[in-house]
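Use these hints to put chains B, C and D onto chain A, whose structure you have.
Protein chains in written order, with this note's numbering: chain A, 503 to 847; chain B, 503 to 847; chain C, 503 to 847; chain D, 503 to 847.
It is possible that some hints are incorrect.
Below 25 Å or equal to it, Euclidean Cα-Cα: the simulated DSS-like pairs (lysine-lysine) are [what the hints assert, rightly or not]:
(1) C:Lys-527 <-> D:Lys-527
(2) B:Lys-673 <-> C:Lys-755
(3) C:Lys-673 <-> B:Lys-673
These aren't lab readings, by the way, just hints derived from the structure by calculation. The structure presented is a predicted model; accordingly, all values stated were derived computationally and were not measured.
4 protein chains.
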Amino acid sequence: MIKAGIIGSTGYVGQSLVWFLRQHKDVEINFLCSHNNTNIAFSQVYPNYAEYIHIDCIDIQSAIDRFSKIDVLFIALPHGKAFDLATKALESGIKVVDLGADFRLKSDSSYKLWYGLEHQSPNLLSRVAYGLPETNKKAIIEADLVANPGCYPTASILALAPLLSHSLIQKSSIIIDAKSGVSGAGRTADVSTLFCECNESIKAYGIASHRHTPEIEQELSRVADEELIVSFTPHLIPMNRGILATCYATLTKAVDQDELNKIYKEFYIECPFIRIISTPPETRWVKGTNLCDIAVRIDKRTNRIIVVSAIDNLVKGAAGQAVQNMNIMFGFKETEALDLLAMFP
Amino acid sequence: MIKAGIIGSTGYVGQSLVWFLRQHKDVEINFLCSHNNTNIAFSQVYPNYAEYIHIDCIDIQSAIDRFSKIDVLFIALPHGKAFDLATKALESGIKVVDLGADFRLKSDSSYKLWYGLEHQSPNLLSRVAYGLPETNKKAIIEADLVANPGCYPTASILALAPLLSHSLIQKSSIIIDAKSGVSGAGRTADVSTLFCECNESIKAYGIASHRHTPEIEQELSRVADEELIVSFTPHLIPMNRGILATCYATLTKAVDQDELNKIYKEFYIECPFIRIISTPPETRWVKGTNLCDIAVRIDKRTNRIIVVSAIDNLVKGAAGQAVQNMNIMFGFKETEALDLLAMFP
Amino acid sequence: MIKAGIIGSTGYVGQSLVWFLRQHKDVEINFLCSHNNTNIAFSQVYPNYAEYIHIDCIDIQSAIDRFSKIDVLFIALPHGKAFDLATKALESGIKVVDLGADFRLKSDSSYKLWYGLEHQSPNLLSRVAYGLPETNKKAIIEADLVANPGCYPTASILALAPLLSHSLIQKSSIIIDAKSGVSGAGRTADVSTLFCECNESIKAYGIASHRHTPEIEQELSRVADEELIVSFTPHLIPMNRGILATCYATLTKAVDQDELNKIYKEFYIECPFIRIISTPPETRWVKGTNLCDIAVRIDKRTNRIIVVSAIDNLVKGAAGQAVQNMNIMFGFKETEALDLLAMFP
Amino acid sequence: MIKAGIIGSTGYVGQSLVWFLRQHKDVEINFLCSHNNTNIAFSQVYPNYAEYIHIDCIDIQSAIDRFSKIDVLFIALPHGKAFDLATKALESGIKVVDLGADFRLKSDSSYKLWYGLEHQSPNLLSRVAYGLPETNKKAIIEADLVANPGCYPTASILALAPLLSHSLIQKSSIIIDAKSGVSGAGRTADVSTLFCECNESIKAYGIASHRHTPEIEQELSRVADEELIVSFTPHLIPMNRGILATCYATLTKAVDQDELNKIYKEFYIECPFIRIISTPPETRWVKGTNLCDIAVRIDKRTNRIIVVSAIDNLVKGAAGQAVQNMNIMFGFKETEALDLLAMFP
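So that you can see chain A by itself, here it is in the shape it has in the complex:
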């Protein structure tokens, strides 16, 4: 039984972590840290836990003071806030899963370019494992600092990696059109995510400028073993959870549907959370789960391939994947605490 601490526990992602860790048989939650809710009962912030979780949120300094008592630290904070915490945690000899963006990009100059902020721990970058187990498991096993992927990159990379690995698509032809539920915007009071502003509408945002773009490019380039850039457009959808990524690319050679399905299935053969399916994925079938459903279609008329992937942005796109990474880092069963299927409707 290991002990875990969560910093940023009252955001949507942090709270989702609590949800999964509560039912993990090898993990005990040691503390919940929340800057905004210090000294308030966690179950008062989230009444779904009433009578089940009896923990008051602590402040960041108190959290740091407890590093010696935990085995793993989860950081679920906005970008720019994890540098110091990760450094201190590693110095205390505990493993870290950072769910923010601070350690996802291998290049500090790229970080500065896209996040507008000087990277404050460039020395740590070489020991970070990018936490997408389906493409990077070996590194995660050995890492003590894992950068949990962004939600859009998770869906996008899982959709495209097999094609790049087999050099089936033109590297300059990739377009990713992604759609996300509103929980991706976090639990911050903001007019733009009020119910009446999101309900009954859809929009694109961050066109040609979203910060998940370099992360997608970094990891797809690694798989392709060659630098590539992509067009990536996120959209906001009136639903709580879920990401659907519709990916387009031009084929480099003739391939038929059966071959494609086989390539995908083989690529993910040891990956318990990937389902290669024949009908187009729908986010409802993976809601609340750590699964990623993927379907591939050839458009013979245009010589393009269309890959659609669906995940739950708060689970496979955040908290669930963090638990999966922890499971791998500590040698637990990879699916421990993550074996639920979507509760429908």
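Showing chains B, C and D alone in chain A's frame:
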């Protein structure tokens, strides 16, 4: 390990039963029966189960033929369809949980009055236990035929039983104004439950005539030990799941808020799924769970009491309660397979 | 052609006023005032008006400076903010429609009790007309200061007035269970009205304490010609617009359905926005309109009457009714600019 | 004052036509035809019209019998149903706007290929005007048979036409990723469009095979003056109304943002319903209107252009555009009955 069969497995309620039974450590699903989807893979009807459940739906005769191989039968069919199946199952010596309406009313004449149908198994009525464990556990323990309560009655009875048990309210003063998500209407192709017909609207329906009224009255009368009638109005709300029941009654004596809370907590002291809370319940905090959250308020100006209860109509209001009943009937832990909290948002 | 100014123009209610006034043939908008958006183009705050409204928002002092140039002032501010503005406007000889709560209650002590604030213009109270044309048209015709009713009171009073006018119900028996869309909470950044907090959930709030209670009681007492108090419970529903009020009361005498419908139709015979219908109202059929749909049902078993009314909270419950009041005050056609039907779906 | 008949008046599109025609000052509705609701009051099918429209639906033969009494016929039926009606109407000397798919494709063999049906009126194809006024107004003025465009083609063609007209993009590089509200699926009882099946989910459908593809290609080819093919993927979004089309293409030459905006504004300079805006369009700002909002972005990193367009699928994508076409055909003001802005929220 017992074996279970489900008839009506591809409705929303039947499918929810599958969801919970899949993770029940003492139960194995033996067959899934679906009139409309005979010979079709269950996971094709509900792709959330893809790669996890490999069972083809069977027809009703095939289900009956398998009665000898199961220990418990769940029937999730529209009213009027359970008479014959329950009779045959009991003759086969297996226990039955009927999630429909056929065995909920103790009086066959009341059944005929409200359902417009002759009761076909009046002889079974005396051995039926009404399956609301919080008010009727002893009978459920001994029963081989349990009538799983309706969703509205579950929320309504749980809200009002403590008051009636303590004679705190005037019996003629009870008004129940209930609100339900759309899944309560089932998975039937019907214009009135199309997305565009329900979204962005609310309506009352079945005013002064809904079939759950006599069921509420029967059980509240039993608790009150006196015949009573109620006004009950259901409403349709644009959300998938959840029931909120707002209940009004006139006080018979002075009582303060602390006393009331104490009365409720004591009444439900041995009930693992009831939470007496101080803030008004919201369905999101019980979504996907077998919990019922209840809050009580005194309105001194009008000498009324207002009780609000929240459940998930498909869980505590249907499939979860059925599993709870099965747990009690077979001596399993009452919360087995039902210990999840609401996944938010 | 008269000239109008709107203070509080960038809230949901203020913006709705702009929408209706834009297509009013007898009105020209002179200024739009917004504390939070001073010097910003109105169409930047609300892009639905892009290329159609070319007005920059002004601050409050600039608005006051323009009082001499307008004929009517609409104030759409939170309570406590209208006292001074109304006083100055009346001194400038212009008519005022206040869409806030400051002039709705006839008694300044009641205002203090429910709003926790000293009334600052008690001298004006005697010249205020409560702006519900269906019950108070004569006063509105002659008034220069109209207090536009709250959204819940509009739905509630319209549902119950005919019964009280005919002494058909026991005055102590009235219960109003009301449900509102989220736009009623306004356009303020607040966690509790974020999309993910409201979507897929329902709750009661302000139980036995909501500020619309004394307003409902005041106006129903006036119709009944006798003091009465009511139980009123509002609920929050996951939809943008609409209020449904389900009202319960005990009958004082036998009456049949036809008589009741006749009583309602006669009571509202000169009211162009009231529809007495035979099926239960749904908010979708009045969405975007100034209509109020009402249906009445007798519950013979309990000797109660159930009245359900549906309005659009931002139209008949706010901006539309304000325009209706202005039409009456200025002698325009009562339905001018308000003759649209619900756009469905 | 002309007289209009509507066949298929009780679908979502037909009903929307009624909504707009009711407030058209030059048009009187002569009959409403509905196969499924013959002899039923239109306002019973759609209670938003209660007390405002007093017309009973008639059957198709009765509609045909009235052709001599009308000036314009709107046909809003599924594909394959308009051939005979259009023929008879034209023979009766009345003008026809067909809102279905039967006359959109110029080639009967293409029709057969995509719709799986022999075209039954190939002789009429040469006299059809494709009813997108922004690219084809001259033909519409002279036509007596107008094929109202599909909803996706309207959004897609309007987004891309200026680029093709100026040869700014590679013709083989076009990808259209479109998202639609559920009303696009019509008012047919079907499990797949039930509230609980669509709410809280998103999916792609008709990948590489949707019937709107050849229509988009036909019209874009005409503008480009060269045959081209596109990749088109529609998605279903949990909202009632609205289409957002996100379009990608590779630039053929360097162009800056200002030039692009100027090109778009000039292309649509005489088009009252097109707004070229600088922020990404959102469907809420055009909901209920005949407007199309368009924004263009250059992605310098990938040398691509991204164009996003937003329409209301039932208005500019169907009924509103049909009225616009009628206005043009009869010499009315193009914006007559279509001058409303989005009612928000």
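Okay, the hints, checked on the actual structure:
no. : hint                    : in the structure
1   : C:Lys-527 <-> D:Lys-527 : 15 Å, holds
2   : B:Lys-673 <-> C:Lys-755 : 21 Å, holds
3   : C:Lys-673 <-> B:Lys-673 : 19 Å, holds
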